[in-house]
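Can you make the complete structure from the sequences, with help from the hints?
Protein chains: 2
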Amino acid sequence: MNASANLDAVFAALADPTRRAILSRLAEGQASVNEIAAPFEISQPAVSRHLKVLERAGLIERGVDEQRRPARLKAENMAAAVDWLAEFRAFWGASFDQLDDVLAQMKQAEAKDAGHD
Amino acid sequence: MNASANLDAVFAALADPTRRAILSRLAEGQASVNEIAAPFEISQPAVSRHLKVLERAGLIERGVDEQRRPARLKAENMAAAVDWLAEFRAFWGASFDQLDDVLAQMKQAEAKDAGHD
DNA sequence: TTTATATATAACTATTATGTTATGGAACAT
DNA sequence: ATGTTCCATAACATAATAGTTATATATAAA
Numbered sequence: 001m002n003a004s005a006n007l008d009a010v011f012a013a014l015a016d017p018t019r020r021a022i023l024s025r026l027a028e029g030q031a032s033v034n035e036i037a038a039p040f041e042i043s044q045p046a047v048s049r050h051l052k053v054l055e056r057a058g059l060i061e062r063g064v065d066e067q068r069r070p071a072r073l074k075a076e077n078m079a080a081a082v083d084w085l086a087e088f089r090a091f092w093g094a095s096f097d098q099l100d101d102v103l104a105q106m107k108q109a110e111a112k113d114a115g116h117d
Numbered sequence: 001m002n003a004s005a006n007l008d009a010v011f012a013a014l015a016d017p018t019r020r021a022i023l024s025r026l027a028e029g030q031a032s033v034n035e036i037a038a039p040f041e042i043s044q045p046a047v048s049r050h051l052k053v054l055e056r057a058g059l060i061e062r063g064v065d066e067q068r069r070p071a072r073l074k075a076e077n078m079a080a081a082v083d084w085l086a087e088f089r090a091f092w093g094a095s096f097d098q099l100d101d102v103l104a105q106m107k108q109a110e111a112k113d114a115g116h117d
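First to last, the protein sequences are chains A and B. Counting along the first sequence from 1, when you hit position 100 you're at 100 in full-length UniProt numbering, and nothing is skipped either side. Counting along the second sequence from 1, when you hit position 85 you're at 85 in full-length UniProt numbering, and nothing is skipped either side.
Since the hints were derived computationally from the structure, they do not count as laboratory data. In this text, all values refer to a predicted model and were calculated from it rather than measured experimentally. Any given hint might turn out to be false.
What the hints assert, rightly or not - Derived list of chain A stretches under chain B, where covered just means 3 residues or more per stretch with a C-beta under 8 Å from a C-beta of chain B:
{"no.": "1", "stretch": "11-20"}
{"no.": "2", "stretch": "23-34"}
{"no.": "3", "stretch": "44-58"}
As the list claims (entries may be wrong) - Which residues of chain A face chain B? A few of them, derived with a C-beta cut under 7 Å, are:
{"no.": "4", "residue": "S4"}
{"no.": "5", "residue": "D83"}
{"no.": "6", "residue": "L85"}
{"no.": "7", "residue": "F91"}
Idealized CB from N, CA, C, for every residue including glycine.
Next comes the structure, spelled out in structure tokens:
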């Protein structure tokens with residue numbers, strides 16, 4: 001609901017390398033918990049909890065497939081994060097005039113939940 | 001040094017609303033610790049520690065001005081964060097074909113430290 | 001030299017995060 | 001019915017985070 005609290009959750013979720021790796025994995029397609037956990041050395045419950053963090057941040061969605069609870073990417077909140085970071089594009093050292101256009105499109109496309117911090 | 005560890009620090013730093021507000025403040029120009037602390041209800045030591053977190057994440061630099069240690073924005077690592085997030089632009093729901101061009105420019109502009117993740 | 005200002009650090013507390021192992025429960029297979 | 005697979009949750013240990021107050025340090029001013 002609160003945009004700032006949402007950004008808290010999104011950035012906090014992205015701060016963990018395991019969770020970023022999970023998101024990269026999900027960019028290739030949805031996957032079950034065991035499929036997601038396979039490449040990591042941590043336990044399955046630990047992965048389940050990472051998935052819960054990602055879900056609370058709105059970065060993934062869960063589904064139902066027999067016993068499985070596949071996770072799939074839901075990247076809109078990444079756009080919100082980029083949107084916040086875009087405030088600082090003038091400080092990135094390069095010329096990002098075009099980015100303004102892109103962000104304008106983004107705001108239009110996201111006209112669903114407008115307000116942002 | 002390590003790009004992934006760097007992203008850990010950057011995203012973790014961005015996960016706190018006080019720190020995001022500090023960065024927004026610094027986008028208007030460098031400021032001393034007391035100037036930065038003024039709008040907040042937390043103590044000065046707390047602000048000093050937030051600044052240390054931002055500095056370790058490479059998001060600010062400190063200067064010297066008599067007794068003051070002014071902080072100023074250093075946004076390159078924000079670009080690194082956006083760069084990572086850009087992997088997922090295809091999932092943002094809109095068409096961001098132009099973003100590819102922007103990112104290409106970004107990579108060129110950042111030809112200083114190339115490797116990411 | 002003493003005092004004031006600006007900031008950092010130390011010591012402490014409370015909360016949150018991340019991992020573990022053990023176990024529970026749902027859905028499927030036999 | 002029983003076992004197997006898949007996942008979640010409970011209970012716990014440890015570490016990191018974020019805040020506090022008290023104090024130290026550096027520079028400037030009187």
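For the stretch 23-34 of chain A, do three or more residues have a beta carbon lying closer than 8 Å to a beta carbon of chain B?
holds (count 3)
Against chain B, is A/S4 within 7 Å by beta-carbon distance?
Hint holds; A/S4 Cβ to chain B Cβ min 5 Å, cut 7 Å.
Does A/F91 pass the interface check with chain B, least Cβ-Cβ distance below 7 Å?
holds (4 Å)
Are three or more residues of the stretch 11-20 of chain A within 8 Å, CB to CB, of chain B?
That given contact holds, which follows from 7 residues of the stretch 11-20 of chain A lying within Cβ reach (below 8 Å) of chain B.
Coverage of the stretch 44-58 of chain A by chain B, judged on three or more residues with CB within 8 Å:
violated (count 0)
Close enough to count: is the Cβ of A/L85 nearer than 7 Å to one in chain B?
With Cβ-Cβ at 5 Å, under 7 Å, it holds.
Is the interface hint satisfied for A/D83? The criterion is a beta-carbon contact with chain B at less than 7 Å.
violated (10 Å)
In this structure, the earlier hints numbered 3, 5 are contradicted, and the remaining ones agree with it.
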